[in-house]
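Colleague: Given chain U's structure and the hints, the job is docking chain P onto it.
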Amino acid sequence: MNTGDIAWVLIASSLIMLMTPAVGLFYGGMVRRKNLLSTIMLSFSVLILITLQWVLFGYSLSFGPDIGHIIGGLQWLGLKGVGWEPNTDYAATIPHIAFMLFQMKFAIITPALISGAFVERIRFSSFLIFVLLWSTLVYDPMAHWIWGVGGWLKNLGALDFAGGTVIHITSGVAALAMALVIRKRKGFGKVTMEPNSIPLTLFGTILLWFGWFGFNGGSALAANGLAVHAIVTTNVAAAAGALTWMIIGWQKSRPSVIGVATGAVVGLVAITPACGFVDAISAIVIGATASAISYFFIQLRNRLNIDESLDVWACHGMAGTWGAIATGIFASKAINPAGADGLLYGNVHLFLVQLASVVVAWVFSFTMTLLIAKAIDMTRGLSVDEHAEEVGLDISQHGEEAYASI
Amino acid sequence: MKKIEAIIKEENLDAVKESLTQAGFVGLTVYAVKGRGTGGGIQLEWRAGTYKVDLLNKLMLMLVVKEEDYQRAVDIIIRECQSDHTGGAGKIFVSTVDEVIRIRTGERNDAAL
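Residue numbers (the working numbering), protein chains in the order written: chain U, 1 to 406; chain P, 1 to 113.
For reference, chain U alone in the conformation it holds in the complex (with noise of 0.2 Å):
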């Protein structure tokens, strides 16, 4: 074992760990003022809920044991024989319950990401029952094909550095199969719905970055350049996406704070799964490409008339799409051997591979959610009444409100 990498992977489990509330943060400054507390709520009960879900069985099933290069086996329950030793596949200088412990993080931040589509008037209680139902039946099978020993789609030689199809493919194609099902807002489309802080909003965004060092340095799984080399490519992309989307915006009319947020955090998704395969150059190749994508799948949307609330699928699954495909296309080996060469050093074999995965991830994620939905929303509701949305979630769902008048 290395002490160095201990802490490194220790350290970056913490930063990972403050990116979940920082996600609720984040779109907590887009709702109405009456929404506040519930949409920071539905980002934080996922950082209790999934801790607990993947130390009892989350872990696991995704991890654990390959069954048919599916799924994890049950042998790790409640981390029986999750230890201090190490675990030499997945990390060979820290102890197995490290790397549990980085995984969780993971875990975690994907279904508070999906949350964005449906602020404003899911029912709190059938979101504890949609979270713990997705993490168990999306989640870990994915997490399990592309990163578990064994698992089918790592076995086609797939490369998902930090989980940008992991994470944000499925989390983004989660949020638009969850806005088909769930109703629209009351007055969508019709009335203003402003965003009450926007510095809360840029407050989330500067701790998602913050946090991010940690998601895919992490990766690395060690103190070591390849570290380095993530923390300075997903840097880079996050630059060139905010930057991109500032001068979209300004070219149509003023460069606004939300758009630069929007473009920073959208940069740093497409960077997620080719930060440790690709050069610096690339990384602003991709960050600037993936706001200009995500910018168009917010107006296709709105077009569309879908209340995807916080567009969760244009930004995290249109730009995780587009990072798993841009790995496909500039990772190179001599940036990481350990790695593959992509279609720029021309290997077809991995663009086509990611592909592969992309459309897995796109099929699985959609059709998987779209059942839990449905299944929820017949049974007991997806969504409050029209009075408790009008009231707003912060009274109706949890009996407080934001702020106190006077």
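These aren't lab readings, by the way, just hints derived from the structure by calculation.
Since this is a predicted model, take the numbers as computed values, not measurements.
Careful, some of the hints might be misleading.
[Stated by the list, open to error] In the SDA-like style, the derived pairs of lysine to any residue whose C-alpha atoms are separated by at most 20 Å in a straight line are:
hint: 1; chain 1: U; residue 1: Lys190; chain 2: P; residue 2: Gln43
hint: 2; chain 1: U; residue 1: Lys190; chain 2: P; residue 2: Lys52
hint: 3; chain 1: P; residue 1: Lys52; chain 2: U; residue 2: Ile306
hint: 4; chain 1: P; residue 1: Lys52; chain 2: U; residue 2: Pro195
hint: 5; chain 1: P; residue 1: Lys52; chain 2: U; residue 2: Thr192
hint: 6; chain 1: U; residue 1: Lys333; chain 2: U; residue 2: Leu156
hint: 7; chain 1: P; residue 1: Lys52; chain 2: P; residue 2: Ile76
hint: 8; chain 1: U; residue 1: Lys154; chain 2: U; residue 2: Ala92
hint: 9; chain 1: P; residue 1: Lys52; chain 2: U; residue 2: Arg32
hint: 10; chain 1: P; residue 1: Lys2; chain 2: P; residue 2: Arg72
hint: 11; chain 1: P; residue 1: Lys52; chain 2: U; residue 2: Met193
hint: 12; chain 1: P; residue 1: Lys9; chain 2: P; residue 2: Arg102
hint: 13; chain 1: P; residue 1: Lys34; chain 2: U; residue 2: Met193
hint: 14; chain 1: U; residue 1: Lys186; chain 2: P; residue 2: Lys52
hint: 15; chain 1: P; residue 1: Lys3; chain 2: P; residue 2: Ile76
hint: 16; chain 1: U; residue 1: Lys190; chain 2: P; residue 2: Gly49
hint: 17; chain 1: P; residue 1: Lys52; chain 2: U; residue 2: Arg303
hint: 18; chain 1: U; residue 1: Lys252; chain 2: P; residue 2: Glu45
hint: 19; chain 1: P; residue 1: Lys9; chain 2: P; residue 2: Glu68
hint: 20; chain 1: U; residue 1: Lys190; chain 2: P; residue 2: Ile42
hint: 21; chain 1: U; residue 1: Lys333; chain 2: U; residue 2: Ile231
hint: 22; chain 1: U; residue 1: Lys154; chain 2: U; residue 2: Leu133
hint: 23; chain 1: U; residue 1: Lys190; chain 2: P; residue 2: Leu44
hint: 24; chain 1: U; residue 1: Lys34; chain 2: P; residue 2: Gly24
hint: 25; chain 1: U; residue 1: Lys186; chain 2: U; residue 2: Ser126
hint: 26; chain 1: U; residue 1: Lys190; chain 2: P; residue 2: Thr50
hint: 27; chain 1: U; residue 1: Lys34; chain 2: P; residue 2: Leu56
hint: 28; chain 1: P; residue 1: Lys9; chain 2: P; residue 2: Leu44
hint: 29; chain 1: P; residue 1: Lys91; chain 2: P; residue 2: Glu10
hint: 30; chain 1: U; residue 1: Lys190; chain 2: P; residue 2: Leu55
hint: 31; chain 1: P; residue 1: Lys52; chain 2: U; residue 2: Val257
hint: 32; chain 1: P; residue 1: Lys34; chain 2: U; residue 2: Ile306
Modeller: Frame of chain U, contents of chain P only:
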């Protein structure tokens, strides 16, 4: 006694306040309000594109003055808030006040102003 209620732009407050003070109108109350005139609203930036805001942040300036003073106070407000921009400069409402009471002393009407 007249009550003057003036809806003004936030950016005009400092100048109006200063000129009113110089003219001897020290006491006043300001409310933060939202409202719209015949213009109907403005566009603000969203992530991709804009959205319409149909209630804008304005200030309501309220002061009660002696009958013979009110035209002077109104003129000051008009002078400081008029601009070449079209729309949004605000409106002034003047009404008659039946009674004014200073809570500390119980003085009434002109003596309480």
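Colleague: Could you grab the alpha-carbon distance between P/Lys91 and P/Glu10 and see if it respects the 20 Å cut-off?
Modeller: 13 Å, holds
Colleague: Holds or violated: are the alpha carbons of U/Lys333 and U/Ile231 at most 20 Å from each other?
Modeller: 18 Å, holds
Colleague: Take the C-alpha atoms of U/Lys186 and P/Lys52, compute the straight-line distance between them, and say whether it is at most 20 Å.
Modeller: Cα-Cα ~17 Å, so holds.
Colleague: Please work out if U/Lys190 and P/Leu44 have their alpha carbons no farther apart than 20 Å.
Modeller: It holds: about 16 Å lies between the C-alpha atoms, which stays within 20 Å.
Colleague: Does U/Ala92 lie within 20 Å of U/Lys154 when you go C-alpha to C-alpha?
Modeller: 19 Å, holds
Colleague: Below or equal to 20 Å on CA atoms is what counts here, so check U/Lys186 against U/Ser126.
Modeller: Holds. U/Lys186 to U/Ser126 sits at ~19 Å (cutoff 20 Å).
Colleague: With the threshold set at 20 Å, check whether the alpha-carbon distance from P/Lys9 to P/Leu44 stays at or below it.
Modeller: Measuring from Cα to Cα gives roughly 17 Å; hence the hint holds.
Colleague: Taking only the CA atoms, is the gap from U/Lys190 to P/Thr50 under or equal to 20 Å?
Modeller: The hint holds at about 14 Å.
Colleague: When you check the alpha-carbon spacing of P/Lys52 and U/Arg32, does it fall within 20 Å?
Modeller: Holds, at about 15 Å.
Colleague: Just to be careful, I want the Cα atoms of P/Lys52 and U/Pro195 compared with a cutoff of 20 Å; is the pair within it?
Modeller: 12 Å, holds
Colleague: Hey, P/Lys34 versus U/Ile306, does the alpha-carbon distance stay inside 20 Å?
Modeller: 30 Å, violated
Colleague: Hinted pair, alpha-carbon criterion (20 Å max): P/Lys9, P/Arg102. Please report holds or violated.
Modeller: The given pair, whose Cα atoms are some 30 Å apart, is violated under the 20 Å limit.
In summary, the numbered hints that this structure violates are 7, 12, 19, 22, 24, 32.
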